[in-house]
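J.: This is what each chain is made of:
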Amino acid sequence: MLNSVKGMMLTLASTFTGLRKPVTRQYPTVPTPVQPRFMGFPALTWDDGVGEPYCTGCMVCIRNCPTQCMSASMMDNPLNEEGKSSRRKIVDYFEINLNRCILCGICVEVCNFDAIVMSHEHEMSTYQRNGDRVDLPALLDIGKKYQVNTAWIPPTVLAKAKKEAEDAAKAAAAAEASSGETAAAGQEAT
Amino acid sequence: MLLNMGPQHPSTHGVFRMVLWVDGEKIVDVEPHIGYLHRGSEKLCEGEQYHQVITLFDRLDYVANFNNELVYCQAVEKLMGLDVPERAEYIRVILCELNRIASHLLYVGTIGLDAGAMTPTMFAFRGRERIQALFEAVSGARMMHNYFRIGGVKEDLPGNFEQMMGELLPLLREDVEESDRILTFNEIFLSRLKDVGTISAEDAVDFGFTGPCLRGCGIEYDVRRAQPYSIYDRFDFDIPVGLDGDCWDRHWVRVQEMYESLKIVDQALEQMPAGEVVSSLGRRLIRPPAGEVYVRAENPRGEIGVHLISNGTDRPYRLKIRPPSFCNLSAIKHLLRNSWIADSVVILGSLDIVLGEVDR
Numbered sequence: 000m001l002n003s004v005k006g007m008m009l010t011l012a013s014t015f016t017g018l019r020k021p022v023t024r025q026y027p028t029v030p031t032p033v034q035p036r037f038m039g040f041p042a043l044t045w046d047d048g049v050g051e052p053y054c055t056g057c058m059v060c061i062r063n064c065p066t067q068c069m070s071a072s073m074m075d076n077p078l079n080e081e082g083k084s085s086r087r088k089i090v091d092y093f094e095i096n097l098n099r100c101i102l103c104g105i106c107v108e109v110c111n112f113d114a115i116v117m118s119h120e121h122e123m124s125t126y127q128r129n130g131d132r133v134d135l136p137a138l139l140d141i142g143k144k145y146q147v148n149t150a151w152i153p154p155t156v157l158a159k160a161k162k163e164a165e166d167a168a169k170a171a172a173a174a175e176a177s178s179g180e181t182a183a184a185g186q187e188a189t
Numbered sequence: 000m001l002l003n004m005g006p007q008h009p010s011t012h013g014v015f016r017m018v019l020w021v022d023g024e025k026i027v028d029v030e031p032h033i034g035y036l037h038r039g040s041e042k043l044c045e046g047e048q049y050h051q052v053i054t055l056f057d058r059l060d061y062v063a064n065f066n067n068e069l070v071y072c073q074a075v076e077k078l079m080g081l082d083v084p085e086r087a088e089y090i091r092v093i094l095c096e097l098n099r100i101a102s103h104l105l106y107v108g109t110i111g112l113d114a115g116a117m118t119p120t121m122f123a124f125r126g127r128e129r130i131q132a133l134f135e136a137v138s139g140a141r142m143m144h145n146y147f148r149i150g151g152v153k154e155d156l157p158g159n160f161e162q163m164m165g166e167l168l169p170l171l172r173e174d175v176e177e178s179d180r181i182l183t184f185n186e187i188f189l190s191r192l193k194d195v196g197t198i199s200a201e202d203a204v205d206f207g208f209t210g211p212c213l214r215g216c217g218i219e220y221d222v223r224r225a226q227p228y229s230i231y232d233r234f235d236f237d238i239p240v241g242l243d244g245d246c247w248d249r250h251w252v253r254v255q256e257m258y259e260s261l262k263i264v265d266q267a268l269e270q271m272p273a274g275e276v277v278s279s280l281g282r283r284l285i286r287p288p289a290g291e292v293y294v295r296a297e298n299p300r301g302e303i304g305v306h307l308i309s310n311g312t313d314r315p316y317r318l319k320i321r322p323p324s325f326c327n328l329s330a331i332k333h334l335l336r337n338s339w340i341a342d343s344v345v346i347l348g349s350l351d352i353v354l355g356e357v358d359r
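These protein sequences, in sequence, are chains A and B.
Numbering that gives the first Met the number 0 numbers the first residue of the first sequence as 0 and each following residue consecutively.
Numbering that gives the first Met the number 0 numbers the first residue of the second sequence as 0 and each following residue consecutively.
It should be emphasised that the hints constitute simulated quantities derived from the structure, not laboratory data.
C-beta atoms are modelled at their ideal positions from N, C-alpha and C, and glycine is treated no differently.
A few chain A residues facing chain B, derived, Cβ under 10 Å:
{"no.": "1", "residue": "Leu-9"}
{"no.": "2", "residue": "Gln-34"}
{"no.": "3", "residue": "Gly-39"}
Construct all of the structure, not just a fragment, from the sequences and the given hints.
T.: Pasting the structure below:
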């Protein structure tokens, strides 16, 4: 009996006094922001400096995909023949079946060319049965949107900068240690 | 009378079907049917490379994903003799314990619903949502994380992790306390759960019970303490134990476990060192030497075991999973016989099964 009264008090307190703020989000009408690391559908990135995709169609993501949701082919890069690009091969055809994709992010991890990202796109219901089979232009569109929205920097560039900074720090430390050593050696000699 | 329950019954927690033979309101016999969520995970594991198998383990017990990933990664690491960096171990423990709380909160919500209480569900899910928001910030996904790697974790924690945890933990403690306060000693809840679905300690052991269901019977057995894996021997925590082995004891053990998990998270956050998060060996193509290992760990539902056989290629030769829910569910006949129809829902709810793991 006492418990029932207590429970009722809790309900009344929540209903009338407004002690608690609602935690409900009006999701479909009010979009919910995602975290920076959010893994949405995979998309291909665009190299603005050259004006071509990063992807060379090397198929490493396809071999590593647990669900075999992607397919691709490569071709000789016309921009390379003109001397505008350092990529000898470029992606010709790329398709991801987003219905099969399980958003695991393995493709991003194994890519050597920063060509694929997990975009923040996650709402992709379609009316067609094959509407989730996304081809190269559409993937690049999603990728471009992601690059702009998150101010994307290629991971290899980031890693290189980090390594250089670390090397510089190491070199500085080594220089300090060796100068200390030489000083000690000098003292011993004297 | 023959009474069919499930597979679309809301209180079977997934696609689980029971055929009940009833005499009035008493259950005479029960025939459980499983397999509606069978995806052939064990066979699929044989066709995937070692780093791809982690995605399959995410989908076993789909409310305790990190715990599943952990046991698989540990199995491969043991086979390869791989050392995991200290920081990665701490990250794993923190995430696993948070996942345990999230899983138990889900349980508290569903057992409330099964017993007819609507409010605790909302409070419990609010807490679970907070944990999942943190998981999203860390791993990029709310449920299917694919974050643990063989030899560490995918990447370091985000820069504002300490701050996020500082905000999360007090709120989470409040959520756990609140769902405990309004449910555990509630009069109606007590009368629905106390002395219902009682199982003796001997029977529980014979049925292969593990986890909170076994501890509810008064047996102090926890893999984290009995055979400490990862770095669990460094933390100070208690193992809550029930008395009678009825539904309420199983509930009480789970609620107390949430407090213990919070204790472990606090200690792990304090001790966490800086440094690498993945061993350099783990980045290459994984090809363990031929051999076999059996590794077990404490999941929110009990002891999960992985028996991994390798023949030296880049794919497992055989991978057997010992799922805790399946073994706990095996006692359903014993528990339901001679009970009331109305209690069957509560008994099933107190076992806290996840069909993704039962059917695999």
